[in-house]
Amino acid sequence: MPVDPLLLTTAVESVVRAGDVMLEHFGRAVRVDMKGAIDLVTEVDVAIEREFRARIAERFPDHMVLGEEMGGSASVPEGPCWVFDPIDGTTNFAHGLPIFCASLAFEVAGVAQIAAVYDPTRRELFTAERGGGAFLNGTPIHVSRSATLLEAVLVTGFPYNVHERVADIVGLFAEFVGRARAVRRLGSAAIDLCYVSAGRLDGFWERDLNAWDIAGGALLVEEAGGTVTNYAGGPFSSRGREVVASNGRIHQAMLDVIAAPRTILSRI
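The working numbering puts the first residue of the sequence shown at 1, with every later residue one more than the last.
In case anyone wonders, no lab produced these hints; they're calculated from the structure.
It should be emphasised that the depicted structure is a prediction, and the values quoted were computed from it without experimental measurement.
Beta carbons are placed, not taken as given, at the ideal position from N, Cα and C, and that holds for glycine.
Be aware that one or more of the hints could be misleading.
[Unchecked claim] For each label pair, taking beta carbons as the anchor points, the in silico distance ranges come out as: (1) T9 <-> V111: 16 to 22 Å; (2) R28 <-> D4: 35 to 41 Å; (3) I264 <-> M64: 40 to 46 Å; (4) E78 <-> A54: 21 to 27 Å; (5) P61 <-> G178: 51 to 57 Å; (6) T9 <-> Y160: 29 to 35 Å; (7) E24 <-> R262: 40 to 46 Å; (8) D62 <-> T263: 50 to 56 Å.
Using the sequences and the accompanying hints, generate a full structural model.
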């Protein structure tokens, strides 16, 4: 079914505008509040999301919005819903580290139809429409062709409750470090997924995520020819709190590592 062109236009306009606001404030003193022990929110996050919600209310008054800073229904709505992270990588942003983005997905019944992710420091706009491919600044992108973990550069992130689960999280990290060419941690799940879609990275895994972290990036990986599942290899859901995304060729190998006992740290 054709997608209303205004939806993609709105998605692109929204993330680019968010990026412009980020750059206006990046490197300057901004108010930072704590949502948890290590979970930050800045006044910029809140301002961007407030402006976005006003735009959607004006153009699509019957659409729902699920955003990181102002909430919304965490369950899957039957109708259209915009899933928005005004700054994915807020900790990086607040510390002056230029790895952050705005991430947006338009979902119908919990399934992403449109994705737009904008990295303002690199001026990189990633977009996708379901069934229409994935693009970086208007140029088609595709996942990598790495066929084994030994050839792969992987990426992951640590959840905000990492202090309570160090052994489990670092244990799995070590298993991948012991098998892959390299493992990175960038601090933005949306950028991680974009880089898998563009073939810069080969695979990504992470748990305890929210829909706004991964809804857009997951569609980009799928439309770039990759594979996206949960940790058990089942269907991906943006509300499922976990994701494994890859070029497809190394996907089963990643799932096997996740499912296997953790042994590497015990041998050190």
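Does the Cβ-Cβ separation between T9 and V111 fall within 16 to 22 Å? Holds: the Cβ-Cβ distance is about 20 Å, inside 16 to 22 Å.
Hint says 40 to 46 Å; check whether the CB-CB distance for I264 and M64 agrees. Since I264 and M64 have Cβ atoms about 44 Å apart, the given range 40 to 46 Å holds.
Do E78 and A54 keep their Cβ atoms within the hinted range of 21 to 27 Å? Since the Cβ atoms of E78 and A54 sit about 24 Å apart, the hinted range of 21 to 27 Å holds.
Using the Cβ atoms, figure out if E24 sits within 40 to 46 Å of R262. Holds, at about 44 Å.
Regarding P61 and G178, is the given constraint of 51 to 57 Å on their beta-carbon distance met? Given about 53 Å between the Cβ atoms, the range holds.
Pairwise beta carbon distance, R28 to D4, judged against the given window 35 to 41 Å: Given about 37 Å between the Cβ atoms, the range holds.
Please check whether D62 and T263 have a Cβ separation lying inside 50 to 56 Å. holds (53 Å)
Consistency of beta-carbon spacing, Y160 to T9, with hint 29 to 35 Å: holds (34 Å)
In this structure, none of the earlier numbered hints is contradicted; all agree with it.
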